[in-house]
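Undergrad: Below, each chain spelled out in residue letters.
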Amino acid sequence: MSKFFYYFKRIMAILAVIVVAFLLQTSVFNHLELASVVPNLLVLLTAFAGFMNGRMEGMFVGFTAGFIADLYFSEWFGMFALIYLVIGFLNGSFRTAFFGDDIKLPLLYVAVSDLVYGIIIYLCLYMPREQYEFVYYFFNVMMPEAVYTLLITLIFYLPLIRLNQWIHKTEPRSTRSFG
Amino acid sequence: MRRNRRHIDSRYILFFLVTVSVIFLFLSYASNFSGGIVSDVASYIFVPMQKGISYVSDRINESAEERKTNAELIQENKDLKNQVEELRNDLSKVQLEQNELDNLRNLYGLSQTYSDYDMTGARVIARGSSNWFSTFTIDKGSNDGIEVGMNVLADGGLCGIVTKTGKNYSIVRSIIDDTSNVSTEIAETGSDCIVSGSLKDMTEGNYISLTNLEDADNKVVQGNTVVTSNISDKYLPGILIGYVSSLSEDSNHLTKSGTVTPVVDFKHLSEVLVIMQLKETGE
Numbered sequence: 001m002s003k004f005f006y007y008f009k010r011i012m013a014i015l016a017v018i019v020v021a022f023l024l025q026t027s028v029f030n031h032l033e034l035a036s037v038v039p040n041l042l043v044l045l046t047a048f049a050g051f052m053n054g055r056m057e058g059m060f061v062g063f064t065a066g067f068i069a070d071l072y073f074s075e076w077f078g079m080f081a082l083i084y085l086v087i088g089f090l091n092g093s094f095r096t097a098f099f100g101d102d103i104k105l106p107l108l109y110v111a112v113s114d115l116v117y118g119i120i121i122y123l124c125l126y127m128p129r130e131q132y133e134f135v136y137y138f139f140n141v142m143m144p145e146a147v148y149t150l151l152i153t154l155i156f157y158l159p160l161i162r163l164n165q166w167i168h169k170t171e172p173r174s175t176r177s178f179g
Numbered sequence: 180m181r182r183n184r185r186h187i188d189s190r191y192i193l194f195f196l197v198t199v200s201v202i203f204l205f206l207s208y209a210s211n212f213s214g215g216i217v218s219d220v221a222s223y224i225f226v227p228m229q230k231g232i233s234y235v236s237d238r239i240n241e242s243a244e245e246r247k248t249n250a251e252l253i254q255e256n257k258d259l260k261n262q263v264e265e266l267r268n269d270l271s272k273v274q275l276e277q278n279e280l281d282n283l284r285n286l287y288g289l290s291q292t293y294s295d296y297d298m299t300g301a302r303v304i305a306r307g308s309s310n311w312f313s314t315f316t317i318d319k320g321s322n323d324g325i326e327v328g329m330n331v332l333a334d335g336g337l338c339g340i341v342t343k344t345g346k347n348y349s350i351v352r353s354i355i356d357d358t359s360n361v362s363t364e365i366a367e368t369g370s371d372c373i374v375s376g377s378l379k380d381m382t383e384g385n386y387i388s389l390t391n392l393e394d395a396d397n398k399v400v401q402g403n404t405v406v407t408s409n410i411s412d413k414y415l416p417g418i419l420i421g422y423v424s425s426l427s428e429d430s431n432h433l434t435k436s437g438t439v440t441p442v443v444d445f446k447h448l449s450e451v452l453v454i455m456q457l458k459e460t461g462e
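Taken in sequence, the protein lines are chains A and B.
Residue numbering for the first sequence follows our numbering, beginning at 1 and increasing consecutively.
Residue numbering for the second sequence follows our numbering, beginning at 180 and increasing consecutively.
These are computed hints drawn from the structure, not numbers from a lab.
Glycine included, each C-beta is placed from N, C-alpha and C at the ideal position.
Any given hint could turn out to be false.
Derived Cβ-Cβ restraints for the label pairs, each shown as a range [unchecked claim]:
id	chain 1	residue 1	chain 2	residue 2	range
1	A	Val20	B	Glu383	18 to 24 Å
2	A	Pro128	B	Phe195	23 to 29 Å
3	B	Asn256	A	Ile11	52 to 58 Å
4	A	Lys9	B	Glu245	54 to 60 Å
I would like the entire structure built from these sequences, with the hints used as guidance.
TA: Put into structure tokens, the structure is as follows:
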């Protein structure tokens, strides 16, 4: 079978995972609110795609997830796509340090990614409207969100690693380094 | 060599996608672009699934209700019967007053209160994807006659405003969103003020903040009613928002600010009413 078939299959699988994550994020997790925050599955997924499979896939997942979020919930269309794209790229740059059997490093990446996401949103959409209490927002919105996202990462870590292995297992060696 | 080449590739792609996003941002700034045909296509994938999920989660909440014991149900039934009795008494009084009010209104030539507006019910099927903003999706859109700018009510009070419509869904920005501002007045005294959503007040104690209240005679007290005002260009007049819960004088000694407890329970929204009429601003 041709290489393109495998790429197609992989892209379809990734799109399906993004759609599921988006639905969980918007329709399920709002019932599971803790300390008035919900976890950020889209950052989690983007970070995972980045440090497991490299920059290209990180950017692809980030841009797509952000684009979908933009379609529904953006004041400025393109904003979330840009933020998630950068997060995917940065995580992809740390791919070399990632080994599947160590969970500490992925947790660190996800936490830092979520904080970066929060800080960008604050700088772009809160500070220009004269909301200068960064410390307040840091400890009441960004930190709780990052901690909650970490908890969710513990649950989704193995399934996502397995899923990644399954997607890659059926592919010939030559297509594995997609990025 | 190969590895090097790939790294350069991914930077080109990054540059390309950043450019695409910036073009989107520019388009949305210049012409209110928000996805166009793509968002219609996407809504045919997402909206049915979101409807399904919200249906299932409502059923789960209902089955939690079913687990109540008999004794609890009997007690609840008793309480409710008492309440019905009280409400019936109240209702007959109110009906008399309503007739009188209608007559007087007719005499004055005032015809509409907001209970007379044409409304349609809708179900909340999804929430915004970030903790920073308070928006939600409802399951009715332009096919059902919903337009951008229509006011949305829940629990008998103002809940938000439609900011985007698709064919089968609409996005509502609630009044607790940090970017929301509503021109309001205190029903008891008629003094104008502004109610703005605040993420900070909402996290601290489920409040919305109230600013620019002109109250030189100190007439406004805690518990006064806050309603939308006539001068608002987006919100219909006289819609209940909540009750004043605290007030303090600003440093300029001219205006006051404080907090408002909203009547709407924003954490547990499942059904809302959309007023099918836009505010006429005479432009």
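Undergrad: All hints, please: hold or fail.
TA: Now the hints, each set against the structure:
The hinted window of 18 to 24 Å between Val20(A) and Glu383(B) is violated, with their beta carbons roughly 34 Å apart. The hinted window of 23 to 29 Å between Pro128(A) and Phe195(B) holds, with their beta carbons roughly 27 Å apart. In this structure, Asn256(B) and Ile11(A) meet the distance hint of 52 to 58 Å, their C-beta atoms being roughly 57 Å apart. At about 44 Å, the CB distance of Lys9(A) to Glu245(B) disagrees with the hint of 54 to 60 Å.
In terms of the numbered hints stated before, the structure departs from hints 1 and 4, listed from lowest to highest.
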